[in-house]
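Sequence order for the protein chains is D and A. Residue numbering for the first sequence is 33 to 136, as defined by the numbering used here. Residue numbering for the second sequence is 16 to 386, as defined by the numbering used here.
Misleading hints may appear alongside valid ones.
To give an idea of the chain A side of the interface with chain D (calculated C-beta under 7 Å), a few residues [to be verified]: (1) 74; (2) 75; (3) 95.
So the derived label-pair ranges between C-beta atoms look like this [to be verified]: (4) 127/A - 115/D: 22 to 32 Å; (5) 105/D - 219/A: 27 to 37 Å; (6) 49/D - 297/A: 36 to 46 Å.
Negatives, chain A to chain D, calculated, CB over 10 Å [unchecked claim]: (7) 43; (8) 76; (9) 187; (10) 201; (11) 222; (12) 242; (13) 250; (14) 301; (15) 302.
Derived by calculation from the structure, the hints in this document are not laboratory data. Bear in mind the structure is a predicted one, so any value in this text is a computation, not a measurement. Don't be surprised by glycine CBs; every beta carbon is placed ideally from N, CA and C.
The primary structure of each chain is shown beneath.
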Amino acid sequence: MTGATATVRVVLPAHLRALARVDGEVSLDIGGAVTQRSVLDALEARYPMLCGTIRDHHTLARRAFVRYFACERDLSHDPPDDLLPAEVAAGTEPFLVVGAMAGG
Amino acid sequence: MASVRVLVGTRKGAFILTSDGARKAWEISGPHFPGWEIYHVKGSPVDPQRLYASQSSGWFGQVVHRSDDGGATWSPVGNKFSYEGEIGSHLYYDGTSRPFEFTRVWHFEPSLTDVDTVYAGVEDASLFRSTDGGQSWHELPALRQHRTAPEWQPGAGGMCLHTILLDPSDPARIFTAISAAGAFRSDDSGASWKPINQGLRSEGIPDPKAEVGHCVHRLALHPARPDTLFMQKHWDVMRTDDAGETWREISGNLPTDFGFAIDVHAHEPDTVYVVPITSDSQHFPVDGRLTVWRSRTGGEEWEPLTAGLPQQDCYVDVLRDAMAVDSLDACGIYFGTTGGQVYASADAGDSWTTIVRDLPAVLSVEVQTLA
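Using the sequences provided together with the hints, build the complete structure.
In structure tokens:
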């Protein structure tokens, strides 16, 4: 999917939807490769208030209690520049940003 | 008619409590930012409609919100807190050295003179300042880079800079306190810092001249007498009359001198309030009786204030940032508990009413006196 523009669907956890003031899914146009990095870059560019809440401001590493899922797979430990599943790039499946399950 | 606005930060959101000057009937707004830990909400003394709120989450990190209409609406502002220069290290609980790492904002202290300037005390301990209403934050690194910083260790709640006091008579003077490093003073707007911990005594610190290491829980001052500071240390209530050069204990007849919160009457610089907590291993009032103690003599002689407060089966805590005073003619005193109650006294502590009783655990209480 390089060279084209893909429309990627992103599902945010409730707290981040409230922070970004969005309802439901977010659709992002991604130019070039559809990767964790390109999707999150686009997400933070559209919603700058999300900077630092999913990835560390400085290292851009995933925050410890945030996970990424798509196509029923946990992608949290995949390298950030790996291509996301074709279904995500095609917009048929969303990219899920999930707050890890924990009590309290 | 004057009114008051009480800003309450809790484990699960912020609440705003408002009343007219009688302080009998209260309107409760919230939760704002539901589900987020709100460590602190504080208003600007220059423009009371300007509020700053610290949201924190183990999942999503630090978020800062600003309101320009007294809390009716909020907008996210900058949340990037970057240590400047060499990061340096401090001691961890196990005695090993750990690099400083930003976790959260514990306390905001808006400038006394500029609505867009606000200080932030953070964990791991450092002082930040914004001069653009919170849009961007810049560290005042001299404190974190103090030569004693490699010896600082976290208290049980983390290594937090939790107290920032601005001297109304000297714009260059700032007091801070860090658990468990101690108290510090800057006389040059944060360019350099001096540990001000002489006279403090703490179990486990055999050197009476130790510069740092004391677990200071809270400092308070009266704006008319800014060289006098009152301190609730881990154990001991302390006082200095020379801006921290020397401290003396004023625990006097308190039933226990462990505690967190301390504050000063708005119009009487020698009237001080504390909430004694049983011990460092029993964070609840003595014998389950919630009691504020007041000294009208600047310490040593204390009287219990219990009217309207629960006197049996009460096992809550009152945290360090959870007490505040208004500046109405009859000074109002407010505090919140880990049980979710917010108590108010409209008569300087003689009697108390419950404003609200079932909030999440209260982390902070601030009060604005509105014209």
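For each hint, the structure was consulted:
no. : hint                      : in the structure
1   : 74                        : holds (4 Å)
2   : 75                        : holds (4 Å)
3   : 95                        : holds (5 Å)
4   : 127/A - 115/D: 22 to 32 Å : violated (54 Å)
5   : 105/D - 219/A: 27 to 37 Å : violated (51 Å)
6   : 49/D - 297/A: 36 to 46 Å  : holds (41 Å)
7   : 43                        : holds (20 Å)
8   : 76                        : violated (5 Å)
9   : 187                       : holds (31 Å)
10  : 201                       : holds (27 Å)
11  : 222                       : holds (37 Å)
12  : 242                       : holds (39 Å)
13  : 250                       : holds (30 Å)
14  : 301                       : holds (29 Å)
15  : 302                       : holds (30 Å)
Violation of the numbered hints given earlier is confined to hints 4, 5 and 8; the remaining hints are satisfied by the structure.
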